[in-house]
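**Q** Chains as they are written, first to last, in our numbering: chain A, 1147 to 1430; chain B, 272 to 476.
Don't read these hints as lab results, they were simulated from the structure. Model, not experiment: these values are computed from the prediction. Note that CB positions come from ideal geometry on N, CA and C, so glycine has one too. Among the clues, some could well be false.
Only part of the chain A face toward chain B is listed, based on derived beta-carbon distances under 7 angstroms [claimed, not checked]: (1) ILE1175; (2) VAL1177; (3) LYS1186; (4) PRO1190; (5) THR1302; (6) ALA1345; (7) PHE1347; (8) GLY1348; (9) PRO1350; (10) ALA1360; (11) LEU1364; (12) ALA1369; (13) GLY1398.
Below 30 angstroms or equal to it, Euclidean Cα-Cα: the simulated DSS-like pairs (lysine-lysine) are [stated by the list, open to error]: (14) LYS329(B) - LYS1362(A); (15) LYS395(B) - LYS1349(A); (16) LYS1362(A) - LYS361(B); (17) LYS1424(A) - LYS435(B).
For the chain A half of the interface with chain B, some residues (derived, Cβ under 7 angstroms), not all of them [said to hold, decoys possible]: (18) LEU1169; (19) ALA1171; (20) GLY1266; (21) LYS1282; (22) ALA1357; (23) GLN1368; (24) SER1401.
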Amino acid sequence: MKMPGDKPTSFVERIQTIDRRILYALIFISVIVPLFLPLKLPVPVTPETRDFFNAVEALPDSSIVMLPFDFWPSTMAETEPMAVVGLRHLFGKHCYVVGLSNVGMGGPTIADRLLDSIGGEFGRIYGIDYVNLGYKPDYRAVMLGMGTRISDIFPTDYRDTPIEDIPLMRRVPNYDSVAFIFIVADNVAVDYWVGLVNARFGKPMGAGVTAVMAPKNLSFVQAGQLIGLMGGMKGCAEYENLLERPARATRGMDSQSMIHLFIVVFIIMGNVGYYAGKRRAARS
Amino acid sequence: MDSVWTQPFFYFFLPAFFTLAVYSFLFKDNPWFKFAEHVFAGLSAGYYAGLIFTSVIKQQMIVPLVSSGRWDMLIPGVLGCLLFMRFFPKVHWLTRIPLAFVIGTTAGIMFLQQLHGLILPQMKSTLLRLGDFSNIVIVVGVLTTLIYFYFSKPHTGALGGVAKVGIWFIMVAFGAHFGYTVMARVSLLIGRMQFLFVDWLHWAQ
């Protein structure tokens, strides 16, 4: 009879008592190996991402697009590449971008950094081609209020410039001038963009969301409330490839595939071990 | 200060140090992890206090009040101050005034958003022609799952059978959610590794 603390003897026992730190080390290796030796695995494009890309592509040049940076710094690995690829697509089409954030913790700062850096790549000028309105608490009130008058909600931009002194914002009194809303979010804000702004003001919108949120938001796509969806790093890699500018998400997909393979193998091994152990216990 | 020195330090070395400090918890709990945890808590509180002061109190109350003479801005200001009356037992009832305002507006907005923005469009999108397989799956999935959550009759006989189909749909949904969650968590790890090996150390592309 085996007692707790006895050393495992069979293969089945060994895989069930494997030290978690060994698993961490294996996951670490699975992530970094593809960073050094890219596998360049294909990233097939899903219809939701293609629809999102096509909707932005179909916007007339020089359209005004609102881009809410509704994500926390903790999910930047997934959401920042989405905002980057979105800005590259929009600035590449000479669209004007109105940035804002409904996430206080880091949101407006990230928005400022990305707008400046990607705007700089395309030679765009702050205040004329793009603006960062910053953050205001209670996104429900913010979203509804902007439908009447944006200056009521954002009397100044993130840099404290009065809104009436910003050339771009003189052309954007409310949602009427906005052609499309390109949401990048990691939280429930998408529900409110859809449930308040799309439902009440009829604004077309697409969303780039973290993978955790993707299954829920697919129902908005199916209902036609969102035109398209980028789901997690995979969705972003698809968008990057459609734009023919592979970047961070595309490079991360090799590691993603390696880890998924690794997890599948370990789930199979764990289940084999579990059932073999159960069978052995029943026999004895 | 010279940006050549400050940029790498604040953008690369500090984040790298805190990333490694947090990941050191995977081996075991240690003082570096604790230090990172406390710095994060303190920084978050400080960042929020500064942000709220600037974006709300200054930009939305003080500036309109002083520069445009918008005296009506005093009303939300006073209502906000009333929330702090909970610290004074004799007048703590005054907090009910701003709370009633917050609850009333939130309930109104939520009702609009949930019914007009979510429930009705989602219901409409399930009224599909049963012409193709996907539509059949959606309609059967919605109906059987709703029946699973119908608890006024015991789940026996035909009702039990239909509810069991509903459970299968729920299980498939859980599986999809779990798969996506794994992908999300793995993405966060990949992001940190890209930061360490690509942005900071420049060892990989």
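**Q** Confirm or reject each hint.
**A** Against the structure, the hints come out as follows:
1. With its C-beta approaching chain B no nearer than about 11 angstroms, ILE1175(A) sits outside the 7 angstroms limit, and its interface hint is violated.
2. Restraint check, VAL1177(A) versus chain B: the minimum CB separation of about 5 angstroms is within 7 angstroms; hint holds.
3. Against a cut-off of 7 angstroms between C-beta atoms, the interface hint on LYS1186(A) is violated, since the closest Cβ of chain B lies about 12 angstroms away.
4. Because the smallest distance between the Cβ of PRO1190(A) and any Cβ of chain B comes to about 15 angstroms, over 7 angstroms, the interface hint for this residue is violated.
5. About 5 angstroms separates the beta-carbon of THR1302(A) from the nearest beta-carbon of chain B, less than 7 angstroms, and the hint is met.
6. Nearest Cβ of chain B to the Cβ of ALA1345(A): about 4 angstroms, under the 7 angstroms cut. The hint holds.
7. Annotation: PHE1347(A) was flagged as interfacial toward chain B, and the flag is violated, the nearest CB pair being 11 angstroms apart, outside 7 angstroms.
8. Taking 7 angstroms as the C-beta cut-off, the interface hint given for GLY1348(A) is violated, the closest approach to chain B being about 12 angstroms.
9. Hint status for PRO1350(A) relative to chain B: violated, with the closest Cβ pair at about 14 angstroms, above 7 angstroms.
10. For ALA1360(A), the interface hint holds, the least distance from its beta-carbon to any beta-carbon of chain B being 5 angstroms, beneath 7 angstroms.
11. Here the hint on LEU1364(A) is broken, as its CB sits about 9 angstroms from the closest CB of chain B, past 7 angstroms.
12. Below 7 angstroms, beta-carbon pairs count as interface contacts, and ALA1369(A) has one with chain B at about 4 angstroms; its hint therefore holds.
13. At a threshold of 7 angstroms, the smallest CB-CB gap from GLY1398(A) to chain B is about 4 angstroms, leaving the interface hint in force.
14. In summary, the hint linking LYS329(B) to LYS1362(A) is not supported, as the alpha carbons are separated by about 38 angstroms, beyond the 30 angstroms threshold.
15. Restraint check for LYS395(B) and LYS1349(A): satisfied, since their Cα atoms lie roughly 19 angstroms apart, inside the 30 angstroms limit.
16. For the proposed pair LYS1362(A) and LYS361(B), the alpha carbon gap of about 47 angstroms is over 30 angstroms, so the pair is violated.
17. Our distance criterion of 30 angstroms between C-alpha atoms is met by LYS1424(A) and LYS435(B), whose separation comes to about 27 angstroms.
18. Taking 7 angstroms as the C-beta contact cut-off toward chain B, the hint placing LEU1169(A) at the interface is violated, the least distance being around 10 angstroms.
19. At about 9 angstroms, the closest approach between the beta carbon of ALA1171(A) and any beta carbon in chain B exceeds 7 angstroms, and the interface hint on this residue is violated.
20. Checking GLY1266(A) against chain B: minimum C-beta separation of about 15 angstroms lies over 7 angstroms; hint violated.
21. Restraint check, LYS1282(A) versus chain B: the minimum CB separation of about 6 angstroms is within 7 angstroms; hint holds.
22. Annotation: interface hint on ALA1357(A) holds; nearest CB of chain B at approximately 4 angstroms, less than 7 angstroms.
23. With its C-beta approaching chain B no nearer than about 6 angstroms, GLN1368(A) sits inside the 7 angstroms limit, and its interface hint holds.
24. For SER1401(A), the suggested interface contact is upheld, since its CB lies about 5 angstroms from the closest CB of chain B, less than 7 angstroms.
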